[in-house]
Amino acid sequence: MMNPEIITTFLSGYLHSLREETRDEKTGNKYGFDHVILKLAEADNLIPLRLAFHRGGRKSAPRPKKEAEHGEDLKVISQDGKKLVVFVLKDEPLTYRNWTRHKFDTDIRRAAAQDMTLPAMAAVVEVKLILAYNKDDDEEGGEEFQRLARSFPTRLGDSATLVFERWNLTELTSRVKDKLIGSPTLLPEKFFRQFSYICWQVQDFHHGSDQWREVLIPDWREFLANVLKDPVGEKEVRMVSIALMILEAHAKDDPSWEAGWIELIEYAALALFAAARKTSSKKLTAVISASWGSLYLSQLEEYYRRNAVLLGTTDSLAGGHHRNFPEVVSSHHAYWHMGRLGILALGLMEIGNGLKKAADKEAVLERISGVYVILTSMIRANTSCFRPMLDCHHLQIFLLWRLFSLAGRQADVVHVFSEIYHRLLQRRVNNHGARLIDQQNSWSDYLEYLATGEEPSERFGRSSFLLQMILEICVFDLGPEGVELAEHVYTNLIEGKKPGGESWRFPETVELQSWVPSEDWADAVLSGYAGDKGICITIQSYDAFGQFVDTSLSAKIQEFVSETKDAHPFEAPVGVPFSALVLACMVHNSPLPPGYWRMA
Amino acid sequence: MEWIHDHLAEGIDCGMKGWLVAFLLQYDERCRSLGIAPLGDRILELLPTGVNESWIWGQLQQFLIRLLAESKDRFRELFFQIAVRDRNALGRQLGPDGAMAHLLIEIKQSGGDSMVEDALASDEQSVRQLGITLFGLMRLDSLSTESMDKWTDNRTAMLIFQVQRDPSFDSNHTRFLFAISPRIENGHDELKSLFSDEMVYQMTNLPESCKGFISRRMEENPENVSETVKAALGRAERYLEKLTPCWRSAINSMDVAGYRHASNVLSARRSREMTRHSEASSPLMGMCRKSYLLYGGDGWRIYSGYGLGGINGTKQYSNSMEIPKFAFIDPEGDDIRRFNAIMMIRQLEREEQLREPAVHDES
Numbered sequence: 001m002m003n004p005e006i007i008t009t010f011l012s013g014y015l016h017s018l019r020e021e022t023r024d025e026k027t028g029n030k031y032g033f034d035h036v037i038l039k040l041a042e043a044d045n046l047i048p049l050r051l052a053f054h055r056g057g058r059k060s061a062p063r064p065k066k067e068a069e070h071g072e073d074l075k076v077i078s079q080d081g082k083k084l085v086v087f088v089l090k091d092e093p094l095t096y097r098n099w100t101r102h103k104f105d106t107d108i109r110r111a112a113a114q115d116m117t118l119p120a121m122a123a124v125v126e127v128k129l130i131l132a133y134n135k136d137d138d139e140e141g142g143e144e145f146q147r148l149a150r151s152f153p154t155r156l157g158d159s160a161t162l163v164f165e166r167w168n169l170t171e172l173t174s175r176v177k178d179k180l181i182g183s184p185t186l187l188p189e190k191f192f193r194q195f196s197y198i199c200w201q202v203q204d205f206h207h208g209s210d211q212w213r214e215v216l217i218p219d220w221r222e223f224l225a226n227v228l229k230d231p232v233g234e235k236e237v238r239m240v241s242i243a244l245m246i247l248e249a250h251a252k253d254d255p256s257w258e259a260g261w262i263e264l265i266e267y268a269a270l271a272l273f274a275a276a277r278k279t280s281s282k283k284l285t286a287v288i289s290a291s292w293g294s295l296y297l298s299q300l301e302e303y304y305r306r307n308a309v310l311l312g313t314t315d316s317l318a319g320g321h322h323r324n325f326p327e328v329v330s331s332h333h334a335y336w337h338m339g340r341l342g343i344l345a346l347g348l349m350e351i352g353n354g355l356k357k358a359a360d361k362e363a364v365l366e367r368i369s370g371v372y373v374i375l376t377s378m379i380r381a382n383t384s385c386f387r388p389m390l391d392c393h394h395l396q397i398f399l400l401w402r403l404f405s406l407a408g409r410q411a412d413v414v415h416v417f418s419e420i421y422h423r424l425l426q427r428r429v430n431n432h433g434a435r436l437i438d439q440q441n442s443w444s445d446y447l448e449y450l451a452t453g454e455e456p457s458e459r460f461g462r463s464s465f466l467l468q469m470i471l472e473i474c475v476f477d478l479g480p481e482g483v484e485l486a487e488h489v490y491t492n493l494i495e496g497k498k499p500g501g502e503s504w505r506f507p508e509t510v511e512l513q514s515w516v517p518s519e520d521w522a523d524a525v526l527s528g529y530a531g532d533k534g535i536c537i538t539i540q541s542y543d544a545f546g547q548f549v550d551t552s553l554s555a556k557i558q559e560f561v562s563e564t565k566d567a568h569p570f571e572a573p574v575g576v577p578f579s580a581l582v583l584a585c586m587v588h589n590s591p592l593p594p595g596y597w598r599m600a
Numbered sequence: 601m602e603w604i605h606d607h608l609a610e611g612i613d614c615g616m617k618g619w620l621v622a623f624l625l626q627y628d629e630r631c632r633s634l635g636i637a638p639l640g641d642r643i644l645e646l647l648p649t650g651v652n653e654s655w656i657w658g659q660l661q662q663f664l665i666r667l668l669a670e671s672k673d674r675f676r677e678l679f680f681q682i683a684v685r686d687r688n689a690l691g692r693q694l695g696p697d698g699a700m701a702h703l704l705i706e707i708k709q710s711g712g713d714s715m716v717e718d719a720l721a722s723d724e725q726s727v728r729q730l731g732i733t734l735f736g737l738m739r740l741d742s743l744s745t746e747s748m749d750k751w752t753d754n755r756t757a758m759l760i761f762q763v764q765r766d767p768s769f770d771s772n773h774t775r776f777l778f779a780i781s782p783r784i785e786n787g788h789d790e791l792k793s794l795f796s797d798e799m800v801y802q803m804t805n806l807p808e809s810c811k812g813f814i815s816r817r818m819e820e821n822p823e824n825v826s827e828t829v830k831a832a833l834g835r836a837e838r839y840l841e842k843l844t845p846c847w848r849s850a851i852n853s854m855d856v857a858g859y860r861h862a863s864n865v866l867s868a869r870r871s872r873e874m875t876r877h878s879e880a881s882s883p884l885m886g887m888c889r890k891s892y893l894l895y896g897g898d899g900w901r902i903y904s905g906y907g908l909g910g911i912n913g914t915k916q917y918s919n920s921m922e923i924p925k926f927a928f929i930d931p932e933g934d935d936i937r938r939f940n941a942i943m944m945i946r947q948l949e950r951e952e953q954l955r956e957p958a959v960h961d962e963s
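Line by line, the protein sequences are chains C and R.
Mapping of the first sequence onto the numbering used here: residues 1 to 600, in sequence order.
Mapping of the second sequence onto the numbering used here: residues 601 to 963, in sequence order.
Extracted from the complex, chain C is given alone in its bound form:
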């Protein structure tokens, strides 16, 4: 879970990005910290006497009042009417130069001049004037404030004392962290209703349940879309992190929450990258990229550090609370973790590549090697890692290959692929319930198929992108052992021939398939399923005449890949980390362009 330092960093970043006033402008909604100050006052049971804006209600942003402010932006009073607090708000740094330029001096003077004869002030015994600004300050700015505060009398009217306070960004952050971090009110008022409902769902729904997938996730995505509406600025980006923090405070007291939390961050990260693709602002892109590392990857890393021992425990993934279909459920969990660990390692590598100092690089390398250890021990301990059930599991297998291959561990890849092959063959041969890999990538269909024994459609399990990927990787990267394995996979598993040439007599044929993504693949996959665009290539047979004449399987595969690459050249998209694109594929069950394993 998020540690206090990260919370402080994100919170101060968010507060810093806000303006003085929240209001609706022609260029879009502008969010101010006046709203946050009001919520802080309300958290202290203070009642507003004067607001600088008309509240906007459920859908619209607050509108500024067209009246003289007299320096005071917000005025609140205690329930018993004895304590009056007047806020002077500034979204500028408190410096010597700004003291007069941005009317710090004038506004404080005017705000301090309270008319104590008003009926509302009759019981007031203390007047506190707070200068709150969501930026930094310098010494001279602070001195100016002190000088001015000391120049005022300590009493106001006949009975009230006058006190001055100054809340800079640090103070503001600290107060918000103490009083508002778990409250949806921290977000602008227009999101309150929608976001409160999401907080309630997070408190109630079990991760992965029907409600989670069908209610919470769509609502969360809709909320993200609303926050990140064009034009997206820094405030909106930071607001997403704040929303996540608030959600965390509402976490369900259930072990499933930890993975659920990761999933919520994933949707947020993808929405942010989708927004980044639409902006030309380098600063904004940098903020989004930074949040990928500091929010998603760091949370993922912490999650796996916490659970490393469990993942390395033999058969740990088969020990959940599911009594039925344990072989399917454990495969689901194994591939969930394999994917996330793969993305974590890949993401850290990308961060490491961007670093210049040797010491920093070394530190990242150490973190990466920690991820490798967890991944390897999980695979050793859980045979479900060798049981792909959906075609989209090619993503996790790809990641595994990529990571092991980068580490020069091709022998481990051969071992994993070989285990996968043997298990897939046993599945097809022995007529177990789970015989095929579902190319529709639907757990629901798969489980129903196991429960009823009826295939959900006539094409169920008849095509495989996953096996084509394994064949290509075997031939291109795994040396003679890989080539041999590819021959077994193709002959036994695809063609259904026993080593002696006899047929296994599988009830169905499985066709290999490849895919060419559309040009806008990266944009499409960040916001949804991208497999329905582009061109599908079916491989009817590598040996057109039932046997390889004057050639071999590996030569045919190489020929196929070469022809496909010439016909459909692939260029990796820029601007979004590759690890984020793989995550997008995983979250949306979308295929990964073959170009990624062909370019390695």
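The hints are simulated quantities; they were obtained by calculation from the structure and are not laboratory data.
Any given hint could be a false lead.
What the hints assert, rightly or not - Computed from the model, here is a short list of chain R residues facing chain C with C-beta under 8 Å:
1) Tyr-839
2) Val-856
3) Pro-931
To be verified - Sample of chain C residues with no beta-carbon within 12 Å of chain R, all distances over it, derived:
4) His-16
5) Asn-226
6) Ser-281
We treat Cβ as the ideally placed atom computed from N, Cα and C, and that holds for glycine.
Starting from the structure of chain C, add chain R where the hints point.
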């Protein structure tokens, strides 16, 4: 009789097989007296027959019981040959619900231990498997040291691989392994390791019955438990202990889409299958009228047109059994394990065949 002899080779259908056995039971003695070859000599040609043909197996049982009374050697020879022909069916028929359960009692009473030991020492894989099955069904606890001392390490390993090959749903295999554990102590490290791994597998596959069995032995008399078994028990306990915190942990608590719906469908399907099976196994149940009570959990009564019947209380029946873990969590892995065991048995058999002449030469 001669006509039957002539036509046996052409093959006979299932229905005729039972009549043939019944026929030979009555007339084999007369055949001998008339100089016609008895049908009993050709009984193997009737096999394999269907597992569900309980009448045929029942007839065969009578024949075998008579043979056992006449000559143990001839019985053993035929019995082992039947195992070679139809090992799986024979194993099932000897079980508590099988048609040959009575034969098992007869074997036990006529010195079943030696029959088991002979079977385990056989060169035939199916006969060795029969030995393991008989060991379990006869609820034996031990084997004679003399017989086990004759086994080579390879032969002992073959028995362990046979245990691997045929899954058990109770503690029979563990009991068998426990019985051969004294032999393991004299074996090579590789054999010890194979044995230990298998013990751990059995105890973690069926913790309640298999680990329970070994734990009870430990409680009763730890001195009778070999070091290898103790070490295996420790490993199994550690495995299960480490799994406890994984239960409902953050790594495996997420739900899978469609799981609940599929579970409901599966439960309904199992319930239908159970009803069908109970009706098939009990003709009486099929004749009974079924009522599906809507309300009222405390009792029920019938109005039949002749007045209101008395109040009957509702009763709940439930049954539970331990499910072998690995067949469910890793079905393909379990298949691969069995496949590897078959390969290993073949390899060890070849090695034994190659070794045996050398032993004879030396002798």
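Results of checking the hints against the structure:
no., hint, verdict
1, Tyr-839, "holds (6 Å)"
2, Val-856, "holds (5 Å)"
3, Pro-931, "holds (5 Å)"
4, His-16, "holds (33 Å)"
5, Asn-226, "holds (26 Å)"
6, Ser-281, "holds (36 Å)"
Of the numbered hints listed earlier, not one is contradicted by the structure.
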